[in-house]
Each structure stands twice: as C-alpha cells, then as structure tokens.
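Protein chains in written order, with this note's numbering: chain A, 2 to 229; chain B, 2 to 221; chain C, -6 to 260.
Don't take each hint at face value.
Derived lysine to any residue pairs resembling SDA-like cross-links, with alpha carbons at most 25 Å apart [what the hints assert, rightly or not]:
1) C:81 - A:95
2) C:82 - A:221
3) C:82 - B:58
Just so you know, these hints were derived from the structure itself, not from any lab. Everything numeric in this text was worked out from a predicted model, so none of it was measured.
What follows is each chain in one-letter form.
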Amino acid sequence: MSVWRIARLVAVKDLRIERRSRVITNQVAPFAGVTMVIFAFALDANSQILERVAPGLVWLATMFSLLLIVQRSFAVEADDGALDAMRVAGVDARGIYFGKLLGIGVQLLVLEVLLLFTAVILYGETVRAEGIVLLVTTLLSATCGLAAVGTLYGGLAAGFKGRETLLPLLTLPAVAPVMIGATRAVEAALGTADAAVADGWQWVSVLAVFAVVFGVGGALAFGPLIDE
Amino acid sequence: MIRLRDAVAVLGSFPALAGATLDVASGEIVLLRGPNGAGKTTLLRLCAGLLPIARGSGEVFGLDLATDRESIRPLVGLLGHQNGLYADLTVSDNVRFWGATIGATDDEIESAMARMGVDGRLRDVEVRRLSAGQKRRTALAGLVARRARLWLLDEPHAGLDAAGRDELDGTLRAAAAAGATILVASHELERASKLATRIVDVEAGQVRTASDGESEEGRA
Amino acid sequence: MTTLDAKPADSGTGGAGVGPGTRATRVLGILTVISMGWLVLFGLVISPADVNQGESVRFFYIHAPAIWVAYTSFIVTAIASGAYLFSKKHSLGWDRLAGASAEIGVVFVALTLITGALWGRLTWGVFWQWDARLTTTSLLFVTYIGYLAVRRLGGSHLQRAKRSAVIGLLSVLLIPLVHWSVVIWRSLHQEATVLDTDLDPDIDGIMFFSIIVGLIAFSFFYAWFLLHRTRVLAMEDLMDDRGLDAALAARRAEAASAPQRSEGEGA
C-alpha cells in the first residue's frame, strides 16, 4: 500500500468521522467565534484597534483552534486503541501522518475562512480584490505548516493519557514562524496599516519553506514518535 | 510460529513480563491462564511486536523480536481490551478501513464480515450503537479482513453475555480450522480450556512451558 | 545496558570513586575557574565603560557569550541525537549527552534573557525590546523546555532516547526557521535610533577581547559541566537498570513462592 493511498484512506476516514460526529462544526467553530468576541472585550471594542489587529486575532483564534482540532483528531484514535491497531496493522507511519495532516488541515482551513468572515463582520475588516490571491495562498501555506506541526506533536502527545498539556507546550513555539508570517501576509493582503500586497509575498515564501520542512521532517519523525 | 526464551518486557521500569519461555506451533489455540497483573497482556503485546523485548530472545514467524518488530506486526492481529474501532463510523466503514490498510478486495472484506456475522442488518449501524459482543465481532472481522495469521486475543469474552461468548467460541474454532493460530488470554477458564488445544500458565510475569501440545492440566 | 563509560569520547576515568569527576573534569574545572576569573577582571575592571551605554555594557560580556554557548549546546544536542538515531549501536551515551547539553543550553538561554532584560532596563529603561535576538531567544527557550519535557515522559531508556532524539533534531531545525522569520519581521520596523533595534554596542579593541574572554570562560564551563552532567545521567540510568534487575529478581521470587501449577516438578 503506497503512502498516498494510506494517507487518503486515513484522511477520508477522519473527515467521515467529522461529518458524522460534527464535533468541529458544533464545538470548535463556536469556540473560535467566541474567542473573537472576547478579543473585542479585551480591546475595549475599539474599532480602530480591532481593525488594525484583526489579522493577528484571526491567527490567534486559529492557533487555539488548531490545538483543539489536533486533540480531537487523536482522541478519535486513542478512544478505542485504534492508533495501536494501526501500528499493529503495520500501516506505514508516513501514511498515517499525511492522512491525519490532511484531515486536520482541511478542517483548519474551513475554520480559518469562517474566522476571516467573522473578522469582516466583527472587526470591520475589508477584503480587497488585489489581495485575494495573496490571501488564498497564505491560508493554504500557513495551514499546511500548522497542520504539519500539530499532527506531529499531536501524535506524540496522544500516547500519553493526561499529558495533553504537552501539546500546547511543544506546538506553540514551533508555530511561531507561521504566526509571524501569516499575520504579516494577511495584513498585506487586506491592506491593514497601509501594507502593500507586494510585501506579503516574502512571507508566503517563509510559510512555504516552513510547511515543507515540517511536512518532510514530520513524516520522518512520526513513526518513531508514536512507537513504543 | 512463536518462540520465546526468557523474554523480558518492561512497562516503564516495571518488568511486567519477567521471563517468558514459550513455544506455539501453527494451528494451535493456546490459552494463557493467570491472575490479573500476571503479564498476559504484556506477553500478547510483545508477540504482536508492539513492545520492545528488554532481555532474552524471541521470534514470531521466524522474525526476530529484537530487530524485526515492524515486519511482525502486519502478520499479526491483536485484539486487546479495546477494539480499535471508530465509534462514529458504521461496521462496514470500519471493516473496510482495516481491510483497505492491506489492500484487501471488496470480496475479502465482505466475506470477513459475513464470517463474523456482522454483515446483514448490522453493516450500516454505527459502532457506538453496537453491543459489546457485536463490537468484538466487528473487530475480529477487521482481523480477518487483514488476513492476520496469528490472533492475539486479550480477554475477548469480557463484557459479553452468554450468547455472545458462545458465538465468539464458535468464531474462534472456525478461525483456527481455517488456519489461524490463536493465543488467548482469558479468565473464562472453563470455557476457554474447552476451546484451547493447550493451556499455559502465566504467573508473576513468567511463563515456563513444555512445547508439545498437551494441556498442562493433563500432565502428571 | 548502561556502563559508566557513557560518553563515547570519554577521556579517561581517573579512578575517582563514586563521583563523576575525573582527571579531565578536574583540568576543565581549573581552566573554568581561571578563565572566569579572567572574565571578571576584564569585564568589570579592565575594559572601559561604553561611550553610549556606560557601565551597563558590561552585561553584554555575559549576554553575548551566553547565547553563543547556548546555540552550541543545542547543536551538540542535535548532533548527539542524530548520532543516537543513525548509528548502528544506538548507544545510550549519545542520548545522555544530548540531554545534558540541552539542559545546560536552557540555563544559558535563561541567562541570556535575564542579562538582556537587565541590560535593557539599565540602558534604555525597558526590560524587553522586541528585537530579533531577544525574541528568537525567548522562543528558543520555550522550545527546549519542551524538549526537556519530552525527555521526562517516562518509559524505558530506549524509548526516551528515541523520542528525545527525534524532538532534538526537530527543535534544531526550528532555530533557523524562527530566526529567519523573526529577523525579517524586525527588519521591517526600523525604529528611531534612540532605541536602536540592533542593541549591540560598537565593539572593538579591548571590549571585543573581553567578549572573547567571556566566550572562552563559558565554553570551558560548558564542557566541564557537560561531562559531569552526562556522567550523572549515566549513573541515574545505571541505577534504573539495577532497579530493573532488582525488580526482575523480586518478580521472579513472587512466582517461586506461589503454589506451583505449571511445572510438574514434584512436590
């Protein structure tokens, strides 16, 4: 079984589970929405400030949601010992990794789009036509990077019941480059603080490199990390 | 099929398996008998290639446990205390998934489900709505679909009602007849000893056995 | 199995008895003390105060060497992690070296952050500046705290070694990525030169030499402490192994004292 077939198998399985259980749609998405509201409380609903920091807040909410999505993704496996079963089945760990990554990434991407809409509504952000390509590219490359890191550390943390605090500790510093790059790129795309669209592209290259490095590194590291 | 010599496996720093010497030949149904904490589960997981062997030596299917654990795993089916099923998916989704991991054909998957009696009206039921026995059978269907030649079952009767247990026994006998080798850890002594071709005692992490096919009860 | 010759390039066990000291560490220890004294001399006495920053520049003689040594220690961790994973023997000595080096690295990073904060406070009145170095350093700090947390997840020594080695390599991969993104980020914000984002003072002459002295002193300290710590970890692992032997013996005794069921040994 090739790695890609396994990955597709796992990803389809995960998305099918989500379609039936609707945990991300019913729980994580509202959570993300509420954090966006609470950010406004923290900033005293100052519309100038909110508009200025909106890209950052979107990615903050995304980052928190990443942790929840990853934990959910691996809880599904840990619940009935399915990850162990996959190890026994001799399923190629790289396939499991990419499959999980794909599943997590798709859910995260949908969430990011929702959060952007929320920012448009709550914070008065506007999306400009010339920034759309940059915006979409940023979302895709940032999501890949986030999902890559999350899947890797999620697999590690999954094996240890009650050690879910390990996931945030490992994940957050690791996604710092994505936070920096994605926020700046979205600012450029939306024109926040007079950023030009052209400024955003250097950040996309940072995001792309990050995604590739962690995608490859993660695929190699996942097997050893989930093994006993 | 399985050859262990003084095998030691640790959980953290605790030697859960403190010295197991065991031979299991192809086609046997071996019952592992022993109190809780004796190391039966660890022994099964070791044979599945999930745990590293800390001391001693062992081979499964002729593959060395010290160096070839990963090659052993696909040949083996482990049914532990958990079923390895996805609660939100249907029976057929689950068996299909596990079968697909080794590229089983649709026919093989269908026949696996049929053999375990989970096709028909159960196939489209979400696993979370099944009874314990039905879940067990679904998990076993997955094992069959994966063409596992060695079945390692950890207390498979637990949580099943009497009818469920009878069904399971029938299933296991049929599987052995069809060529599977089965290692069962169970507290269901009466039932399991009728099922087994041989009984092996596990105590305080150790197993010392003869390798011929005699029930230990039957030895002088 | 653990042996006391934990570090593969061990330079001799000088019959030191139960402590981890050997001739090598004694020599290194002396060198450390001497060079630290030298650093104090140069850093506090001989080198002059900076034209712009006054006496507070002296923090820099610790701040800069500390971060250099920290980076070195994390690279050592990465190399040792790689050596563990990709060597045939998978010798646990590499794992212990990696762990010890990371521990020291974390301490040096903390030192960098603290001296940086104090220096900033004294010179410009602010504890924190979002400059590239401090920001990267703070992320580095948390990253390797994560590494140390992974080392403590438990399990057998081999499990710990494999896990930590993987995380050690990933963490070192993160360093350039973080550095790159942070540097670009901060370079976009060329603030007014009252608070120069590149906080380094003009270094030349005797001040430069003082930094080199600092680097030498800290390097000796690092090497000395690394040897000690690696050996202590080896001893801890040895104790664990002995513990396993004892546990095995105890468990086997359990069975011997229990009523015999499996052996027809005649009773």
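Hints and how they fare:
1. For the proposed pair residue 81 (chain C) and residue 95 (chain A), the alpha carbon gap of about 23 Å is at most 25 Å, so the pair holds.
2. For the given pair, residue 82 (chain C) sits about 20 Å from residue 221 (chain A) by alpha-carbon distance, which is consistent with the 25 Å threshold.
3. For the suggested pair residue 82 (chain C) and residue 58 (chain B), the alpha carbons sit about 18 Å apart, so the restraint of at most 25 Å is met.
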